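J.: Work out the full structure, taking the sequences as your base and the hints as a guide.
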Amino acid sequence: MELTLWTYEGPPHVGAMRIAASMKGVHYVLHAPQGDTYADLLFTMIERRGERPPVTYTTFQARDLGGDTAELVKRHIKEAVERFEPKALLVGESCTAELIQDQPGSLAQGMGLNLPIVNLELPAYSKKENWGASETLYQLVRGLLKEKIASETKHLPSAWKTEGRRPRVNILGPSLLGFRCRDDVLEIQKLLGENGIDINIVAPLGATPADLIRVPNADINICLYPEIAESTCNWLERNFGIPFSRTVPIGVNATQNFLKEVRELLGMPVPNHEEEHLSRLTWYSKSVDSNYLTGKRVFIFGDGTHAIAAAKIAKEELGFEVVGLGTYSREMARPVRTAAKELGIEALITNNYLEVEAAMTEAAPELVLGTQMERHSAKRLGIPCAVISTPMHVQDVPARYSPQMGWEGANVIFDDWVHPLMMGLEEHLIGMFRHDFEFVDGHQSHLGHQGGLSNHEQKQSIEESQHNNDSDTSSDSLIWTSEGKAELAKVPFFVRGKVRRNTEKYARQAGCRNIDSETLLDAKAHFRK
Amino acid sequence: MSGVSLLKETGPREVFCGLTSIVWLHRRMPDAFFLVVGSRTCAHLIQSAAGVMIFAEPRFGTAILEERDLAGLADAHEELDRVVNDLLARRPEIRTLFLVGSCPSEVIKLDLARVAERLNGALKGRVRVLNYSGSGIETTFTQGEDGALKALIPLMPPTKETQLLLVGTLANAVEDRLTNLFKRIGIQKVFSFPPRQSTDLPAIGPGTKVLLTQPYLTETARALKDRGAEIIQAPFPLGVEGSQLWMEAAARSFKVKDSLVKETLEPLILRANKALIPYKNQLAGKRIFLLPESQIEIPLARFLQRECGMELVEVGTPYLNREMMQAELELLPNNTQIMEGQHVEKQLDRVRQQQPDLVVCGMGLANPLEAEGISTKWSIELVFSPIHGIDQAADLAELFSRPLHRHDLLNQKQLVHV
Ligand code: SF4
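Chains as they are written, first to last, in this note's numbering: chain A, 348 to 876; chain B, 549 to 966.
Just so you know, these hints were derived from the structure itself, not from any lab. Predicted model, so just to flag it, every value in this text is computed and none were measured. Treat the hints with care, as some may be off.
[As the list claims (entries may be wrong)] Covered stretches of chain B (chain A as the covering partner; in silico rule of three or more C-beta atoms under 8 Å from a C-beta of chain A):
hint, region
1, 605–611
2, 624–631
3, 683–696
4, 724–735
5, 748–761
Quick reminder that beta carbons are idealized off the backbone N, C-alpha and C, glycines included.
T.: Here is the structure:
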């Protein structure tokens, strides 16, 4: 039993819903009680979908349990098939139905329906949403293609050369409720098109069951989101010999590596010079204006794919210092650990947001890149933040085109990450100049109480932040004199945490208990080295 | 008996389960913690219904059952003890802990009453542990509050004194206002249940007259009656008329002079009716379809029809308690279609066929209907907003007129001279 106040991922059947709702012509009959219908709102509210997810819930009640729930399941299956006329049917159960073991999948298969039926077994008491999505895509592809395995001749990824056509690929993984998938797909299609590569199918987003049957016509697969598509790509490689690309093209470097990998897999000539920079990120990052970004401390937490990509961009392309890296995805723990190790830090693998918040506090970053929950935590701590991963709120699904992948994705990332830092800096300037006449007219800060503070409020907020941090530092009872506090108050709020920690560390080393302005300056000199 | 048509329908439903009530109950009683014993689905439901979370640690959570908990019930009990002890150690401010049953906990027959009893023994009154069901196989949406309140009743001290008890969660400001009005007509002893502090429970007994503020408290009303209280029959305090009848029923029961009641309420009624006019102008003649969710649908329909002039296409309700709804049903026009239960697909077919001007529905259905060109109002907003009482009538009407107003704004002619 695990006490959960908030969960990053939903149950696995929500993952199955993401696949069903992403596709066309697929319906999902879910053996589940009425409350589970809440999951519809994830799609209609967060993604603002104008269609209900294609899901029929059996909504059985306690009084049904004594009787024949199997009949109830069959009735719902029959009605759903008649009403929605799907081209493929997914049948499964949520946590409660798993316990009563009606086996709706087998029931459906015994009904003599004339359409492909995929029986989903998604263990609700051990697995979560992304796993459920991945398993559903895999089961669906397998279900639709297993008959074709034997008839396939040996797959040649470079067959396009002899067949006198452009190479073509499948893009696998983009789904609803994935982070910016809608725009990533467009960006990657454009990128591949410009490089002479055609798209065979995109799945699950926008695909029909008939499209899935055409999967083997592609020369290679692009595994765009490993959380969703890796198991499917693996199966297609094993059974159809279709190789797949593993590089996730988020960031300029990764996009270059992606193109190189795809070309190699397809047997296309790989230019021996570097891939052209088609993103502004590189120049923007180099420009003199970006000097102040140097060594910014950044804390990263999210799904595996986006967290790792963010860490690489932060370090290699923006010159940040990554002071924290983690994921809520157990399936992605290994690659995240490897990435963290390379950065000389330890990865945080947890589904507990309070642990993430504690680690964030401890790391004293200047920028947080995370999910909607890290945004809340960062806001409480007064640290600028950008959202880079699901779970997300409705405001993380912007109206404008804003991919994360490819050249334009890198542009978007530069803007999305640097903007909150700029705003943080502006807040500081506003704080510094708050006595100037331009500012006396009750400046409204976008951070609410954090920016443009009055002296009194500012003192209070320092005391608060000290209080909040007490648990991890004050075991040895250091005392900040009022003069020391006043000096600390002059430090910009977004580095204040770091300065405070360094000063306390120094004070401890130096064996002084009272921290005044001198200690603060000594510490500053000490850490400058 | 009025001439409404009471219909029933079964099929796939699109309704929240009783766990959802935690979203407003935990705000009403800040010294209580609601621990759902359930699955990741339950945890996900509450956080999705609660929406934005800006607070550091919420006063609700889920003890998520895992594979090994299902393997052995004995261990599940131990595990639950461990989770509760950890929680209470971490959150010393908690005075009342509600263990909330879910579908999984009920299907595996985890006896939360026994767990609560054992924990109560161990905690020796430091924290009171209660249990109720919020499961989707037993309860819908607002029925969760019914269960939580019923669980508190045995802890209410006895009294023989004559007093008025308002039952059902109200916004604090509305509660103050209503209490104050009762005092003005001479009913001095007015208490609320649930209280603002879980430990501050009102007393109950033969002298207690209960006035329900919410229509979904069937079990609570029954249990209060068992403690000797008298339930005052009245419509619910939504709209000017409903609130007036509701207050008058209480006044009669306390033998308050008619003239005093009239004197007190008349200026309020005049003012409220005046405030209603602009909304009435907008709503009159418009057709509304209410999908079942909160059980507030029938009183709302009565208000919208009688005071705002709306036409009722269909009034859904997840569950109909005829006795409790009697006074409301009598106020509805003949042939009003009341639909108990749901077949969501067929109901949506009727919505499309009837093309109402406004549909009251859950969050899962709102955008899809909007995309089809039908204006909607979220029913969940109605359980969060201060809508009770004469003074709130205009605010209540505004909630319904806003989507229509917006629809008009977005569909007006383009400016030609700019
Ligand atoms: S319907 Fe049952 S399983 Fe689903 S969220 Fe509600 S209590 Fe949990």
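J.: Under a C-beta cut-off of less than 8 Å, do 3 or more residues of the region 724–735 of chain B approach chain A closely enough to confirm the stated coverage?
T.: violated (count 0)
J.: Cut-off 8 Å, C-beta pairs, minimum 3 residues; does the coverage of the region 748–761 of chain B by chain A stand?
T.: violated (count 0)
J.: Are three or more residues of the region 605–611 of chain B within 8 Å, CB to CB, of chain A?
T.: holds (count 6)
J.: At a Cβ distance under 8 Å, does chain A reach at least three residues of the region 624–631 of chain B?
T.: Contact hint for the region 624–631 of chain B vs chain A: holds, 5 residues under 8 Å.
J.: With a C-beta cutoff of 8 Å, work out whether three or more residues of the region 683–696 of chain B approach chain A closely enough for the coverage to hold.
T.: holds (count 5)
Of the numbered hints listed earlier, those contradicted by the structure are 4 and 5.
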